[in-house]
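Student: So you can see what is in the structure, the chains are spelled out below.
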Amino acid sequence: QQPVQSPQAVILREGEDAVINCSSSKALYSVHWYRQKHGEAPVFLMILLKGGEQKGHEKISASFNEKKQQSSLYLTASQLSYSGTYFCGTKDNDYKLSFGAGTTVTVRA
Amino acid sequence: DAGVIQSPRHEVTEMGQEVTLRCKPISGHNSLFWYRQTMMRGLELLIYFNNNVPIDDSGMPEDRFSAKMPNASFSTLKIQPSEPRDSAVYFCASTPRQGSHEQYFGPGTRLTVT
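Going line by line, the protein sequences match chains B and U. By the numbering used here, the letter at position 52 of the first sequence is numbered 491, and the numbering carries on one by one without gaps. By the numbering used here, the letter at position 88 of the second sequence is numbered 446, and the numbering carries on one by one without gaps.
It cannot be assumed that every hint is accurate.
Some chain U residues close to chain B (C-beta under 8 angstroms, calculated; not the full set) [what the hints assert, rightly or not]:
| # | residue |
| --- | --- |
| 1 | GLY400 |
| 2 | LEU401 |
| 3 | ASP414 |
| 4 | MET418 |
| 5 | PRO419 |
| 6 | PHE423 |
| 7 | PHE432 |
| 8 | SER445 |
| 9 | GLN456 |
| 10 | HIS459 |
| 11 | GLU460 |
| 12 | GLN461 |
| 13 | PHE463 |
| 14 | GLY464 |
| 15 | PRO465 |
| 16 | GLY466 |
Bear in mind the hints are in silico, worked out from the structure with no lab data behind them. Note that the Cβ used here is the ideal one computed from N, Cα and C, for glycine as well.
Chain U on its own, in the form it takes in the complex:
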């Protein structure tokens, strides 16, 4: 199995630009998570989808952040407009179903906003 796939792996953009991060979960997995990792705040859950439906978006920092999961094999995290403080590594993770113990993380997208 290919594992969780994320793209791009690295993104450098200027403040004010729109950024879209992409995630393909493991085939057959019904739950998907977006995390953000920074030195200051550690690993934070941004949003959780189950069966393509957003269940918990309480970790989304501001209205500038939005996430979608149009189908079981694809999700996006969009930041518009981006700011320097959004610089972080963004991970996508999936599990077979809600309540599964092990989360399978993708390789992450390192975002730098200048």
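Chain B extracted, bound-state conformation:
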């Protein structure tokens, strides 16, 4: 079962903030965030394993609410390099990742 991401796309100016949401209808073992730049492979950003725990990568952080089966990715003070498509992936066993449809982020100068 694919997780659901929202919004589908977001356009930001440098320095602005954004939130990307990821939700699942199933109980989650973990939530994984990846970023894919145009024409490139997805690159791992972070994983969240415990409810309510926040992780960070540069000025990108994420939270995971186990009870609500949701995760949110926070882009703070966005930079041009943050542009790309962000995917959340959820696991309900120890190897299979189901990816959301992705959120395309465009950061403009």
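Given the coordinates of chain B, work out where chain U should sit on it, guided by the hints.
Tutor: Below, chain U without anything else, positioned relative to chain B:
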């Protein structure tokens, strides 16, 4: 380290032809994944190998698709015969072991079937 290596990077073929995509995982990684990415369906897991053994092939769309991993450093994904709807970017990814958190993706093979 060289990262995951895939070949070819681009493949254009005619409907009905056989296509073979190749992947070399990161040395020492025991788990390997094949994904397909399209605009319509997103990033889908096709098959997962652990220690060269196929563990989960439930994502392989049809019998026209087959995958092998004859040794720890090489895997192939074959489509025979190919169809236009197989056009997609195919990624290979590897992890050090089953249960590892981070998947390391290769650069992908862009397949176009005309």
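Student: With reference to the structure, classify each hint as holding or not holding.
Tutor: Each hint, compared with the structure:
Contact between GLY400 (chain U) and chain B, as hinted, is supported at the beta carbon level, the nearest pair being about 5 angstroms apart and thus within 8 angstroms. Given the 8 angstroms rule on beta carbons, the hint for LEU401 (chain U) holds: about 4 angstroms separates it from the nearest Cβ of chain B. For ASP414 (chain U), the interface hint holds, since its Cβ comes within 8 angstroms of a Cβ in chain B; the closest pair sits about 6 angstroms apart. Violation of the interface hint for MET418 (chain U) is found here, the shortest Cβ-Cβ separation to chain B being roughly 14 angstroms, above the 8 angstroms cut-off.
Here the hint on PRO419 (chain U) is broken, as its CB sits about 16 angstroms from the closest CB of chain B, past 8 angstroms. A distance limit of 8 angstroms between C-beta atoms decides the matter here; for PHE423 (chain U) the minimum to chain B is near 18 angstroms, and the interface restraint is violated. Annotation: interface hint on PHE432 (chain U) violated; nearest CB of chain B at approximately 19 angstroms, more than 8 angstroms. Of the supplied interface hints, the one on SER445 (chain U) is violated, with its beta-carbon coming no nearer than about 16 angstroms to a beta-carbon of chain B, more than 8 angstroms.
With a least beta-carbon distance of about 5 angstroms to chain B, the hint placing GLN456 (chain U) at the interface is held under the 8 angstroms criterion. Because the closest C-beta pair between HIS459 (chain U) and chain B is about 5 angstroms apart, less than 8 angstroms, the hint holds. Satisfaction of the interface hint for GLU460 (chain U) is found here, the shortest Cβ-Cβ separation to chain B being roughly 4 angstroms, below the 8 angstroms cut-off. Because the closest C-beta pair between GLN461 (chain U) and chain B is about 7 angstroms apart, less than 8 angstroms, the hint holds.
Because the smallest distance between the Cβ of PHE463 (chain U) and any Cβ of chain B comes to about 4 angstroms, under 8 angstroms, the interface hint for this residue holds. Proximity of GLY464 (chain U) to chain B holds as hinted, the smallest CB-CB distance being about 6 angstroms (cut-off 8 angstroms). The beta carbon of PRO465 (chain U) is positioned within 8 angstroms of a beta carbon in chain B (closest approach about 5 angstroms), and the interface hint is therefore held. With a cut of 8 angstroms, the hint placing GLY466 (chain U) at the interface with chain B holds, because the nearest CB-to-CB distance is about 6 angstroms.
Taken one by one, the earlier hints fail for this structure at numbers 4, 5, 6, 7 and 8, listed in ascending order.
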